[in-house]
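> Now for the letters of each chain:
2 protein chains.
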Amino acid sequence: MSLDAVLARIDRDLDQSLERLFALLRIPSISTDPAYADNCRAAADWLAAELSGLGFSASVRPTEGHPMVVAHYPERDGTDNRVLFYGHYDVQPVDPLELWQSDPFEPRIATRDDGSKMIVARGAADDKGQLMTFVEAARAWIAETGGLPVAVTILFEGEEESGSKSLGPFLEANADELKAGAALVCDTGMWDKDTPAISTSLRGLVTEEVTVTAADKDLHSGLFGGAARNPNHVLAKILADLHDAGGRVTVPGFYEGVAELSDEVRRQWEGLDFSAEEFLGQVGLKLPAGESDRSVLEQIWARPTVEVNGMIGGYTGAGFKTVIPSKASAKVSFRLVGDQDPKTLVEAFHDFVRARIPEDCSVEFESHGASPALRIPADSPVLAKGKTALQDEWGVEPLMIGMGGSIPIVGAFRERLGMDTLLVGFGLDDDRIHSPNEKYEMSSFHKGIRSWARILGELAN
Amino acid sequence: MSLDAVLARIDRDLDQSLERLFALLRIPSISTDPAYADNCRAAADWLAAELSGLGFSASVRPTEGHPMVVAHYPERDGTDNRVLFYGHYDVQPVDPLELWQSDPFEPRIATRDDGSKMIVARGAADDKGQLMTFVEAARAWIAETGGLPVAVTILFEGEEESGSKSLGPFLEANADELKAGAALVCDTGMWDKDTPAISTSLRGLVTEEVTVTAADKDLHSGLFGGAARNPNHVLAKILADLHDAGGRVTVPGFYEGVAELSDEVRRQWEGLDFSAEEFLGQVGLKLPAGESDRSVLEQIWARPTVEVNGMIGGYTGAGFKTVIPSKASAKVSFRLVGDQDPKTLVEAFHDFVRARIPEDCSVEFESHGASPALRIPADSPVLAKGKTALQDEWGVEPLMIGMGGSIPIVGAFRERLGMDTLLVGFGLDDDRIHSPNEKYEMSSFHKGIRSWARILGELAN
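Line order of the protein sequences matches chains A and B.
Per this note's numbering, the very first residue in the first sequence carries number 1; after that it's consecutive.
Per this note's numbering, the very first residue in the second sequence carries number 1001; after that it's consecutive.
Certain hints may be false.
Derived pair list, reagent style DSS-like, types lysine-lysine, alpha-carbon separation capped at 30 Å [what the hints assert, rightly or not]:
hint, chain 1, residue 1, chain 2, residue 2
1, B, K1343, A, K237
2, B, K1286, A, K237
3, A, K237, B, K1179
4, A, K217, B, K1165
5, A, K217, B, K1237
6, B, K1217, A, K117
Hints are computed from structural coordinates only; laboratory data are not their basis.
Can you make the complete structure from the sequences, with help from the hints?
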């Protein structure tokens, strides 16, 4: 049987698969920082070249931001049963760099006492390691059988970590070329290292930057302190006001469109082997910080949140400077669920902030992206095939889970191309994505490749 | 009369005086940033060499921080009537550098439409321009008469902008050498550009850095948002809680030791030609931000304050990063008045912060210095002499004013050496000290030198 031969080849070629992943990980494709634009381009070029080498018709497509990679196998003729695979080649910034135990862009394999191995590098899990599980699965099918069991189009973007600004217009402009029977996305996690998962609900994401300006120059706090408005104080008050004492978000109308869990889902989640203590304990915390009347699982899977991801104002260097700054700013993100409307929420947030700006101060907003929450229908045709393939590979039934993170592409596929998405990924909660010493389990990489090989086989049925 | 000849020489030699000031301004002696330690040392060396050239017995003295410059004229023999002049050669950092219209350490003279001139550079007003008014006055006396009318010891420190940590121990260790009949300090301002002032009350200063730690690593807000504690939120709440809606500081016991103005002082201040609108208007503001039941003059001269001089947490670079940081920190300063006790206040502040730290988070404090408020007695012997000299030079009676800033040395002179201090300076409110494009009026520099020449003459009487 050809699948068995494909799986055997995957096992045999794992070292070469790793070498290719390492080559991609060495490219510092940080999308949020314009200084790394050339590196983003280099990562796109590398991927297009790899796919061309496999026989894909691959191209790098310019956007107003970082380029897209689009590849077809075989060439489209409009009659095939086709799936669209999506991944992103951009990565998060690496600061604080001093907390990395090795160069974030010099990937290495670390071996634990129990013999298990992990791949350590920025992007190892998010999302280069994950997207390469699919590329390597395709490689094995083509090498072993001379082709893929189902026609495939691949779309890699380079702005996922910076708001995916070019994605909507690109899908719109290339809808005919990209439309497929279903989409496959590998940017999610497993339940634990032995139990695969399919993510069927995703929180949306709104990212806003707020800058408060008081005086038109920095002031000396000895001369002006006590009389002149300090934008640090204004901003701190705004940020502090975002939550009440019970952890509930206070922006008016924030919870509109947020449904309560159905009894069935609540029962299912309560039955899961999830420990809030362990979840928080792995990062050195004990007390859930969110809405005090919700479980931790509900907080991270089903409830909308507001987080201050960054704030800065005044002198923050070594020593002390008694300045009253002219400006202070914060980056604030909202995770959305259910039917919360990103546009309404952005307006409500702006009103909330403006109501707290003194008459002689001013405020500016910059949007870094806004996408609604999503739910994948339980009767989606690809879901059953994905479940079967994962069960075959891992020997246990995959769990249908919620996801706290946001993958804007899934909404865009639904809205713009009318496609359902199968969200399968092999990340783990402790992968430290977006943090120093990001890693990806060797077992995730290896069995991830095998899982995609199986899914491709199932999709042909 | 020799004073007239001294004044004439000052007028004649103004260009050379400016050249010497420019040489000192070119040295980037930023004391808060360890990267500039060599430059601080260079500024001390430069001053010692200048004073030696005038006939002072001058030396650079090491401390645990930046060095002191001590110079005597003539050598001490223990019998002379002597004054101690104090200034500081260190300057504030220059960020944000992009707001400077020219290199902060390449001094230049700018001429206004009305022909008036100003010296633009970091340290032009605070304190290099000011301390050089005294050095140039001494130079003119020595050049014209072969000596000074009164024996002088000069003390220049290099840590005034970073908490004056070495000053107390240095005074203690060198009390015999430094003790004098009175101290002269030139680090204060005029009432306006035509009206000199002597500062008779000074606020104290406590500077504290607070760092809140939540999780033991940075987290992804999609995975952990809503459940994990965000130190930005904890810190924002603490900072927001420092003031109530009326602008009053809420730290328990904060106002203990703060006296109300006497009726006489209140009447005097009400009679001053001070416009709160103009004071705030010069920096683009309109509404007083402090205690709502106090006048602006009271807020900046007679009331204690708390200001957040810096705060930072999470991702603050270009673009967006959906991180929940491990740490967030703030630099907070307190201006003290009356009998407020710095130590008690620091403890109250620490308690205030700790009460707002969740059980599974931690907080660290770093002190950057603490000094009490001061009042110069109205019957201080040097005060009358200073008044006379300033009236002679400026043609108007100098005002006795309060001062919002803090000059730790004045307290140290009182406490450790039992000396009164005459606080005379020629800065103006719009000198932009601690801000981009700091300047010092040419008239302040020129008439400042003449004023010190007259004060030296008076002190001999």
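> Could you run down the list of hints and mark each one as holding or not?
Results for each hint:
Straight-line distance between C-alpha atoms of B/K1343 and A/K237 comes to about 27 Å, which keeps the hinted pair within the 30 Å bound. Of the pairs offered as hints, the one joining B/K1286 and A/K237 holds, with about 20 Å between alpha carbons and a cut-off of 30 Å not exceeded. Of the supplied pair hints, the one linking A/K237 and B/K1179 is violated, its CA atoms being roughly 48 Å apart against a limit of 30 Å. Straight-line distance between C-alpha atoms of A/K217 and B/K1165 comes to about 29 Å, which keeps the hinted pair within the 30 Å bound.
Restraint check for A/K217 and B/K1237: satisfied, since their Cα atoms lie roughly 26 Å apart, inside the 30 Å limit. Of the pairs offered as hints, the one joining B/K1217 and A/K117 holds, with about 21 Å between alpha carbons and a cut-off of 30 Å not exceeded.
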